[in-house]
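*Asks:* Please construct the entire structure, taking both the sequences and the accompanying hints into account.
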Amino acid sequence: MITKRFAGAGMVVLFLLIALPSSGSAYYTDFVFTMMIAYVLAQSWDWIGGEAGYINMAHYVFFGVGAYGFCLSLVAGVPLILCFVIAPIVTIAIAFVLSFPMFRLHGDYFAFATLAMLPLAELLGLNFHFTGGADGVVLPPKYVLFEAYYITVALAVLVVVVTVWLSRLRFGYALRGIRNDEEVAEICGIRIFPAKAKVLVLSAAFASLAGAIFGWKLSFIDPPTVFGLDVALIPVAMALLGGSGLLWGPVVGVLILGSLNQFLVVNIAFLQTAIFGLVLLLIGRYMPGGLLRSSWVNKSRIFGFLGREHHERVLQVDVPEGTDLPLEVRALDTEKPLLECQGMTMAFGGNVAVNDIDLTIRQGEIVGLVGTNGSGKTTLFNLVSKVFEPKSGKILFDGIDLAGLRRDQVSRLGIGRTYQIPRPFEDLTVQENIAIPWMFRDSGATSLSEALARATQFARYAGLEDQLTTRADALNLQQKKALEFARALASRPKLLLIDEVASGLTPAEVSTFVQHIRDMRDQYGVTVIWVEHIFSALAQVVDRVVVMEQGSILADGPLNEVVKDERVLKTYLGSAATGIE
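Numbering of the sequence shown is given in my numbering, commencing with residue 6 and proceeding in unit increments.
Just so you know, these hints were derived from the structure itself, not from any lab. Wrong hints could be hidden among the right ones.
[As the list claims (entries may be wrong)] The calculated lysine-lysine pairs, modelled on DSS-like cross-linking and capped at a C-alpha distance of 25 Å, are: (1) Lys341 - Lys304; (2) Lys399 - Lys499; (3) Lys341 - Lys203.
[What the hints assert, rightly or not] For each label pair, taking beta carbons as the anchor points, the in silico distance ranges come out as: (4) Asp338 - Gly409: 20 to 28 Å; (5) Gly409 - Ala24: 53 to 61 Å; (6) Ser27 - Val167: 27 to 35 Å; (7) Asn378 - Ser516: 34 to 42 Å; (8) Val167 - Arg411: 36 to 44 Å; (9) Glu188 - Leu87: 40 to 48 Å; (10) Ala24 - Pro293: 37 to 45 Å; (11) Ala274 - Asn356: 39 to 47 Å; (12) Leu87 - Gly354: 50 to 58 Å.
Every residue gets a Cβ at the ideal spot worked out from N, C-alpha and C, and that includes glycine.
*Replies:* Structure, rendered in structure tokens:
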């Protein structure tokens, strides 16, 4: 949360920025102007690079497009105010079109593809006639430093406001979910592509405005100035040095590297690109989280607050007393199918993981799904939750054909799941992990405070109430499994897919978890499919067991009958069936 103290400090800084031109020093005004342009670029890059986790090396292209859009419009006689409107509109249109091919790529592939756009943009700028080619675009000579300076102050303030806004609203949590694990984020109900496209467009719009102001103040632009690789790396390096994804990260990076850049330009300009490239390498090698995440900064009484993560500023919320969960109590028709898999097949190359399966799960059933490793159990879960699309056959959920639906749509229909190896959002807290599916379960807006309050209730139910503000990557395996279970419940499922949650738990913990499974069905009408190897746990709660082998269903029936099946004994259970009645 932005405290009154920091708000007061911000007002002091704003007053000093506004007062600076009155000092009469054009040099310092120009220097601070350049620093603010760099901040706008670094912070707007960080919305997609730090919040969403996509390293966009083409961010400076949007700066250049904005500069050209503004300057060409001004030369054509368009009124000044309209020029500042045209520049971001053109850039937004280009960014939106580029989002379709760009976001088909991930990780390093995305970074390299966007890096290739810089020389391409420079080449196009040099060869198109309307851009002026190598001669660039020259504006009518006019001294506009102070006008450009004050517009930049306003733009920088707006960037701060947007950054704080992103840290507090659903959209920001959608981006952080994407940054951690896109598949899980989508299964939690987040619409992946619209979120990525929106943040790219938002980022591009602010970069274009920075380019427009820069071109206006400079009165001249050419392709190397606004598309050159030597300048394009600077805002990226600034955000990464300070700490990508942190409120103060780009600010600190700009102050350090902006001052260094000024020194280099004045003294050893020919080494500028090499030094900034070296800074990027050193950050990646020794401070991958940035300067503000380093241990000595976090331990500092003076500077420690700069490295605080967004979750340390979340709103305090009122949580209802008691252990009841905020879940709808569903009436069950135990004769009606909830899930129907009809002739479902999935193959990876020549390996058939699921082979022509027919499976029906009725409302209110608790079904155990067992089989040897590689028998197709998790693949079945992946097909039902739309991680994969079946090669043939169909899946009906509550009478709805899931063919062609996205993962987030399937989640909103009422399918929740856990994973065999826990996949929490590692750099978010327990409370935030659980709040995300609650926020995105419905298409209507859910406030952050409501989602956090509901998350606290689910965490309490899962035994994680004392870990609410603990990051998920600091939890042990059992706690991560409990977190995943709570997160799956927060998606408000009709069907809960549980993948080996009980493995590694103590007998007492297994007993507690079994009771949770029973409560989900008896109190809230949730249907459960539970993949598990601990037969003593299954025996306490399941209505029937489905045995898989080599992608096919080997047996289906009550547990005490299935364990006596000759085929099951031969292929899977062996002596493990002894003593099970």
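*Asks:* Indicate whether the distance between the beta carbons of Asn378 and Ser516 respects the range 34 to 42 Å.
*Replies:* Since the Cβ atoms of Asn378 and Ser516 sit about 25 Å apart, the hinted range of 34 to 42 Å is violated.
*Asks:* For the pair we were handed, Lys399 and Lys499, check the Cα-Cα distance against 25 Å.
*Replies:* Satisfied, since the Cα-Cα distance of roughly 19 Å is no more than 25 Å.
*Asks:* Is the gap between the beta carbons of Asp338 and Gly409 within 20 to 28 Å?
*Replies:* holds (27 Å)
*Asks:* Are the Cα positions of Lys341 and Lys203 separated by 25 Å at most?
*Replies:* Measuring from Cα to Cα gives roughly 41 Å; hence the hint is violated.
*Asks:* So the hint says 37 to 45 Å: do the beta-carbon atoms of Ala24 and Pro293 match that?
*Replies:* Cβ of Ala24 to Cβ of Pro293: about 39 Å, so the range 37 to 45 Å holds.
*Asks:* CB of Leu87 to CB of Gly354, is that within 50 to 58 Å?
*Replies:* holds (57 Å)
*Asks:* Given a hinted range of 27 to 35 Å, is it respected by the beta-carbon distance of Ser27 and Val167?
*Replies:* Given a distance of about 28 Å, which is inside 27 to 35 Å, the answer is holds.
*Asks:* Per the hint of 40 to 48 Å, is the separation of the Cβ atoms of Glu188 and Leu87 within bounds?
*Replies:* holds (44 Å)
*Asks:* Has the hinted range 39 to 47 Å been met by the Cβ atoms of Ala274 and Asn356?
*Replies:* violated (58 Å)
*Asks:* Between the alpha carbons of Lys341 and Lys304, is the straight-line distance 25 Å or under?
*Replies:* The given pair, whose Cα atoms are some 59 Å apart, is violated under the 25 Å limit.
*Asks:* Per the hint of 53 to 61 Å, is the separation of the Cβ atoms of Gly409 and Ala24 within bounds?
*Replies:* holds (60 Å)
*Asks:* Please test the hint of 36 to 44 Å on the beta carbon pair from Val167 and Arg411.
*Replies:* Because 28 Å falls outside the window, the suggested range is violated.
In this structure, the earlier hints numbered 1, 3, 7, 8 and 11 are contradicted, and the remaining ones agree with it.
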